[in-house]
Amino acid sequence: MKEIKVNLTVHCEGLSCPLPVMKTKQAMETVRPGDVIEVVATDRGSIADLKGWAQRTGHQYIGLREEEGRYRHYLRRALPEEEKQEQQFPDTADCEELKEALSREDVRVLDVREPAEYAFGHIPGARNIPLGDLDDRLEELDPSRTWYVICRTGQRSDLACRQLAEKGLRVKNVVPGMIAWDGPIEQDF
Amino acid sequence: MAEKKKRVAIIASSGSVETAYKVLNIASAAAAMEAEAAVFFTFDGLRIIHRQGIHQLAPGAGKEDLKDRLARSGVPSIPELLDLAKSSGVRLIGCQMTMDLMGIEPSDLIDGVEIGGAATFLDYAFDAEVTLSF
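Chains as they are written, first to last, in my numbering: chain A, 1 to 189; chain B, 1 to 134.
Hint data in this document are derived by calculation from the structure and do not stem from the laboratory.
Hints should not be assumed to be uniformly reliable.
Each computed BS3-like pair below joins lysine-lysine, with the alpha-carbon atoms no more than 30 Å apart [as the list claims (entries may be wrong)]:
id, chain 1, residue 1, chain 2, residue 2
1, A, 84, B, 6
2, B, 6, A, 51
3, B, 4, B, 22
4, A, 51, B, 22
5, B, 6, A, 25
6, B, 6, A, 23
7, B, 22, A, 167
8, B, 5, A, 167
9, B, 63, A, 84
10, A, 51, B, 86
11, B, 86, A, 167
12, B, 86, B, 22
13, A, 23, B, 4
Under 8 Å between C-beta atoms, here's a sample of chain B residues computed to sit facing chain A [claimed, not checked]:
id, residue
14, 19
15, 28
16, 32
17, 33
18, 34
19, 76
20, 77
21, 79
22, 84
23, 89
24, 132
25, 133
Heads up, the beta-carbon is just placed ideally off N, CA and C, and yes, glycines get one too.
Use the sequences and the hints to build the structure in full.
Spelled out as structure tokens, the structure:
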């Protein structure tokens, strides 16, 4: 099974309810907002419990992979309210517009979510560079193309667009983002 | 989340090993879900937080096989669960009236336990969204 890059892995093998939830909570408090953790559990109840826990606490449940009696859960720590700002980048496109643009030769898609989010479902052909890595990986973006930048809700892609436009790239922020995308989806595993 | 914390109030009035698990699992899970949780230990339930009693918890009648099953299952022990509950902020309240009745001193109870009466529990439980009794 292909590895998914995460900030922290929490081992809950052999542990029963309520320990997977409690260890997840403790681990989540040690990572930064926006970071992704992987929780490896053997408790079947963890499937429903961790989803419920994430919904209640406001963290993002990204997805689940099952292998040989192990459940690998991926969760992303929520950002505090004050970090959620108005979207400021003026040049935006909605998902319908992006679907039409995909047939154009000069258009590329940049997905700035975390690798785990990308792995669980992305637009086919989209390039994945998490927002935090953008500065170091600028040279991967062909400046002769128009880049449609997407994340989950349009927040991170807004920051990315501002960053990239400053470097002279042609960018559009896709709003609201993957939560509204109903076109084709590709998974990495 | 910015909204007010949910509140869970639990009464433990039986001292069987399954009661201890039910009470501590739910209280700990509530704390993990960022709710406030408090357990009021009264009558036989007081055994769960009693220094000696905690090591002598027995399954209820007809559930004698539970001890073996628990030992085989990898479920944490009751003292471990109590530590987890305390470290995640669960309030443990011993019933003063039961203590007086049974001649139990505060020093007989495990560390980190509050002592109070029915009003202490009710003062907390009046504002609880979830109230459970075991």
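Structure versus earlier hints - violations, ascending order: 7, 8, 9, 11, 14, 20, 21, 23, 24, 25
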